[in-house]
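In case you want the letters, here they are:
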Amino acid sequence: MTKLVRLLPRISMQAFLMVSVCITIFPFVWVAMMGTHSRSEIYSSPPPFYFGTRLLENYEKLLEVMPFWTVLGNSLLVSVLGTIVTVLFCSMCAFGFFAYEFRGKNIVFGVMVASMMVPPVLTLIPFFLTVKFLGILDTHFALWFPTSANAMGIFLIRQYMVTSVSRDLLDAAKVDGASDLRIYWSVVLPLIKPVLATLAIIVFIALWNNFLTPLIVISSPEKYVLTLALRSLQSVANTPWGAVMLGTFMSMIPLLLAFLFFSKQMMAGLTAGAVKG
Amino acid sequence: MAGVELRNLRKSFGKVEVLKGLDLKVEDGEFVALVGPSGCGKSTLLRILAGLEEETAGDVLIGGEVVNDLSPRERNIAMVFQSYALYPHMTVAENMGFNLKISSKPKAEIKARVQETAEILDLVHLLDRKPSQLSGGQRQRVAMGRALVRNPDVFLFDEPLSNLDAKLRVQMREEIKRLHHKVRTTKIYVTHDQIEAMTLADRVVILDRGIIQQVGTPTELYRNPANAFVAGFIGSPAMNFLPGMLQSDSDTARIELEDGSVLTAPRKPNHPRDGKVLLGLRPEHIMLGEGTGTSNALTGRIDLIEPTGAQNHLRIKLGGQSTTVVDNNLTEVELGQNVAVHVDPDKIHIFEAGNTA
Ligand SMILES: Nc1ncnc2c1ncn2[C@@H]1O[C@H](COP(=O)(O)OP(=O)(O)O)[C@@H](O)[C@H]1O
Ligand SMILES: [Mg+2]
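Sequence lines, in order, name chains A and B. Numbered per UniProt numbering, the first sequence finishes at 277, counting up by one with no gaps. Numbered per UniProt numbering, the second sequence finishes at 357, counting up by one with no gaps.
I should point out that these hints are in silico values taken from the structure, not numbers from a laboratory. Treat each hint with caution, since some may be false.
What the hints assert, rightly or not - To give a feel for the contact side, a few chain B residues facing chain A, derived at Cβ under 8 Å:
#: 1; residue: F13
#: 2; residue: A50
#: 3; residue: L52
#: 4; residue: V66
#: 5; residue: M79
#: 6; residue: S83
#: 7; residue: A85
#: 8; residue: P88
#: 9; residue: T91
#: 10; residue: F98
#: 11; residue: N99
#: 12; residue: I102
#: 13; residue: P106
#: 14; residue: Y222
As the list claims (entries may be wrong) - Pair ranges (Cβ atoms, derived):
#: 15; chain 1: A; residue 1: L56; chain 2: B; residue 2: R129; range: 52 to 58 Å
#: 16; chain 1: A; residue 1: V162; chain 2: B; residue 2: K105; range: 32 to 38 Å
#: 17; chain 1: B; residue 1: G136; chain 2: A; residue 2: V29; range: 52 to 58 Å
#: 18; chain 1: A; residue 1: V162; chain 2: B; residue 2: R184; range: 39 to 45 Å
#: 19; chain 1: A; residue 1: T163; chain 2: B; residue 2: R184; range: 40 to 46 Å
#: 20; chain 1: A; residue 1: V108; chain 2: B; residue 2: E17; range: 27 to 33 Å
#: 21; chain 1: B; residue 1: S71; chain 2: A; residue 2: K105; range: 20 to 26 Å
#: 22; chain 1: B; residue 1: V16; chain 2: A; residue 2: I125; range: 49 to 55 Å
#: 23; chain 1: A; residue 1: L55; chain 2: B; residue 2: K111; range: 56 to 62 Å
#: 24; chain 1: A; residue 1: R103; chain 2: B; residue 2: V66; range: 25 to 31 Å
#: 25; chain 1: B; residue 1: E119; chain 2: A; residue 2: V108; range: 18 to 24 Å
#: 26; chain 1: B; residue 1: R129; chain 2: A; residue 2: I125; range: 55 to 61 Å
Stated by the list, open to error - In silico BS3-like pairs for lysine-lysine, Cα to Cα no more than 25 Å straight-line:
#: 27; chain 1: B; residue 1: K347; chain 2: B; residue 2: K268
#: 28; chain 1: A; residue 1: K61; chain 2: A; residue 2: K223
#: 29; chain 1: B; residue 1: K130; chain 2: B; residue 2: K107
#: 30; chain 1: B; residue 1: K105; chain 2: B; residue 2: K130
#: 31; chain 1: B; residue 1: K276; chain 2: B; residue 2: K347
#: 32; chain 1: B; residue 1: K130; chain 2: A; residue 2: K264
#: 33; chain 1: A; residue 1: K132; chain 2: A; residue 2: K193
#: 34; chain 1: B; residue 1: K101; chain 2: B; residue 2: K111
#: 35; chain 1: A; residue 1: K193; chain 2: B; residue 2: K101
#: 36; chain 1: A; residue 1: K105; chain 2: B; residue 2: K15
#: 37; chain 1: B; residue 1: K111; chain 2: B; residue 2: K182
#: 38; chain 1: B; residue 1: K130; chain 2: A; residue 2: K193
Quick caveat, the model's predicted, so the values are computed rather than measured. Glycine residues also receive a C-beta, built at the ideal position from the N, C-alpha and C atoms.
Okay, chain A solo, but in the shape it has when bound (with noise of 0.2 Å):
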């Protein structure tokens, strides 16, 4: 008796966690199965909430409607292009606000951090115009490359140099001899993997989510990313909800493996301001 009272907050807890993690996995779960029913199937009442048999017609009709490797192949590629290159300019532009002293440092730094507070709908046309002008409308590069030195991914970097990389370690390797270059590649990178990872997981999960900015930017349905392609077969008369539902699926087993791969260097992004304060 008296350990079961002992025990009751920790069981409530759990039951807690237990709960939250259920509601929060049902969509995953509930996508799913509705990739394995057909459209009929999914408009009968109740709805079938177990595993139907019709996931190999689902997967025929996929193709059918849409090419569906070929968009799977641009949302990689534009995710992974980006993601790269969005860490790379990030950590670099982090470096310079963290490393040097120049004139006016603290404003621009400022209005980098001001310009966060921006809701990105408004930016919306003037992105459109900015592409338009520079011509590249139509192309993924216009998808990934005006993020990738983003005021968010800059400000979390520079937060994380300042709690983990010491001033000392920076003279130290000046006095070793290490230029600008090898210092903030062999010394500094190393030692921000965690919000590297962190940032490397955000960035690519908003680039492979994104659906407004391959809206306005790409019309050739060869050059369709996932959420566009998956979008635009709901417009069709008798939208084949079967095969939509198994696309869904399948586009989001890549986030699901890159959190697996990083979840743990991103919790310890994430939290690593937090411990050391």
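On the provided structure of chain A, position chain B with the ligands as indicated by the hints.
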């Protein structure tokens, strides 16, 4: 190997002048300690020497050449930081070999030199560890190894022992001294601990408020301090200062203390003019007992007795001031007792009033 020279070196941060015109010559192979209280500009001076900070005016010469415009890389100096500043993600061997790797030395040579240095510093069994797996003393040795392996012209140390506990500090001090006998490179060693400076260095530079107060061998500084600041800074326990009035003729100086007692000393050329002065008496030069005919006799009441084993530290009220006295003879005395003390006239220091540590 190379000597180092400063010519009228100045440094300001904004409006604050930290170094106010330093002139100093360090000979090739010499071990010079730079001491001064915290915040007096020691680290700033060292960083200017290393090329990490730019001087506001004046010249820095290494090996006879002006290096003002050279980067740290081009100066061939090595520096040991107070925080050690080891690269956390590299092993001990990689830390030590980083400079050589940057200079594109062949792998085999790097390995051999790191190995050789590790043997000197007894680090061989630690070469594959990361800094986080080392104790404070070991990190300190790695930091020295990283400097040593490069074979630099000049070594700079910025309070390298201040993060160690007292016992380890003494041990590392000895190691540094032994190292200097093996590797006779010019060394400039910054510390706020006068004992460290005195025990290690060939010459000691005393810095205060951005000005060099005195340069000399440890013995010179102890025997003939140039001013009250140096006198108070060097020696432990610190020198006693008693205000008094000086009256001197051609060969004797006569000082009257606040309580009316009088001391005499031979007149020296560096004594200040007659009037208000500070009398400096080292605790170890005040002897208990009446003394002989020539010495100065005083009496005072014992306020405090601190036995340290080999010596007793006494606080005695002399000339109206509470004064520290070191008694090496462990004389039996009691609190509150009035005792006679005497001072050898040669051991009396006289300074201008109002300029103590
Ligand atoms: N980068 C800097 N900007 C402004 N003031 C500084 C800077 N570095 C040092 N100072 C000031 O210079 C003085 C000397 O500092 P420092 O050389 O570190 O002293 P020490 O090493 O002798 O303790 C201090 O008063 C400090 O506040
Ligand atoms: Mg300092």
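Hints, verified against the model:
Annotation: interface hint on F13 (chain B) violated; nearest CB of chain A at approximately 12 Å, more than 8 Å. Look at A50 (chain B): its Cβ gets to within about 6 Å of chain A, closer than 8 Å, so that hint holds up. Contact between L52 (chain B) and chain A, as hinted, is supported at the beta carbon level, the nearest pair being about 5 Å apart and thus within 8 Å. The beta carbon of V66 (chain B) is not positioned within 8 Å of any beta carbon in chain A (closest approach about 19 Å), and the interface hint is therefore violated.
A least Cβ separation of about 5 Å between M79 (chain B) and chain A falls short of the 8 Å threshold, and the interface hint therefore holds. The restraint placing S83 (chain B) at the interface with chain A holds, with a minimum CB-CB distance near 5 Å, inside the 8 Å limit. Restraint check, A85 (chain B) versus chain A: the minimum CB separation of about 4 Å is within 8 Å; hint holds. For the restraint placing P88 (chain B) at the interface with chain A, the shortest Cβ-Cβ distance is roughly 6 Å, inside the 8 Å limit, so the hint holds.
A cut of 8 Å between beta carbons decides the hint on T91 (chain B): the least distance to chain A is about 12 Å, and the hint is violated. Checking F98 (chain B) against chain A: minimum C-beta separation of about 5 Å stays under 8 Å; hint holds. Look at N99 (chain B): its Cβ gets to within about 4 Å of chain A, closer than 8 Å, so that hint holds up. Taken as an interface hint, I102 (chain B) checks out: its beta carbon lies about 5 Å from the nearest beta carbon of chain A, inside 8 Å.
Of the supplied interface hints, the one on P106 (chain B) is violated, with its beta-carbon coming no nearer than about 17 Å to a beta-carbon of chain A, more than 8 Å. Taking 8 Å as the C-beta cut-off, the interface hint given for Y222 (chain B) is violated, the closest approach to chain A being about 34 Å. A beta carbon spacing of about 56 Å between L56 (chain A) and R129 (chain B) agrees with the range 52 to 58 Å that was offered as a hint. Distance hint for V162 (chain A) and K105 (chain B): a CB-CB separation of about 34 Å, consistent with the stated range 32 to 38 Å.
The hinted window of 52 to 58 Å between G136 (chain B) and V29 (chain A) holds, with their beta carbons roughly 54 Å apart. A C-beta distance of roughly 41 Å is found between V162 (chain A) and R184 (chain B), which places it inside the suggested range of 39 to 45 Å. Our hint of 40 to 46 Å for T163 (chain A) and R184 (chain B) holds, since their Cβ atoms are close to 41 Å apart. For the pair V108 (chain A) and E17 (chain B), the beta carbons lie near 30 Å from each other, so the given range of 27 to 33 Å is met.
Range check, S71 (chain B) to K105 (chain A): about 21 Å between beta-carbon atoms, so the 20 to 26 Å window is met. Between V16 (chain B) and I125 (chain A) the beta carbons are some 51 Å apart, a value that agrees with the proposed interval 49 to 55 Å. Between L55 (chain A) and K111 (chain B), the C-beta spacing of about 59 Å keeps the proposed range 56 to 62 Å intact. About 28 Å separates the C-beta atoms of R103 (chain A) and V66 (chain B), a value consistent with the hinted range of 25 to 31 Å.
Under the hint 18 to 24 Å, the C-beta atoms of E119 (chain B) and V108 (chain A), about 50 Å apart, miss the expected range. Between R129 (chain B) and I125 (chain A) the Cβ separation comes to about 57 Å, which falls inside the hinted range of 55 to 61 Å. With a C-alpha separation of about 12 Å, the suggested pairing of K347 (chain B) with K268 (chain B) holds against the 25 Å cut-off. Note on K61 (chain A) and K223 (chain A): the hinted pairing holds, with a Cα-Cα distance of about 20 Å set against a maximum of 25 Å.
For the suggested pair K130 (chain B) and K107 (chain B), the alpha carbons sit about 20 Å apart, so the restraint of at most 25 Å is met. The hinted pair formed by K105 (chain B) and K130 (chain B) meets the criterion: a straight-line CA distance of about 23 Å does not exceed 25 Å. Taking the CA atoms of K276 (chain B) and K347 (chain B), the gap is about 19 Å. The hint holds against a cut of 25 Å. Proposed proximity of K130 (chain B) and K264 (chain A) is supported: the alpha carbons are some 21 Å apart, at most 25 Å.
Among the hinted pairs, K132 (chain A) with K193 (chain A) is inconsistent with the structure: their alpha-carbon atoms are about 36 Å apart, more than 25 Å. With a CA separation close to 10 Å, the supplied pair K101 (chain B) and K111 (chain B) stays within the 25 Å bound. Distance restraint check for K193 (chain A) and K101 (chain B): the Cα-Cα separation of roughly 22 Å lies within the 25 Å cut-off, and the hinted pair is therefore satisfied. About 20 Å separates the Cα atoms of K105 (chain A) and K15 (chain B), which keeps this hinted pair within 25 Å; it holds.
Simply put, K111 (chain B) and K182 (chain B) have alpha-carbon atoms about 21 Å apart, close enough for the 25 Å limit, and the pair holds. The suggested pairing of K130 (chain B) with K193 (chain A) holds, with an alpha-carbon distance near 17 Å, which does not exceed 25 Å.
When each numbered hint is compared with the structure, violations occur for hints 1, 4, 9, 13, 14, 25, 33.
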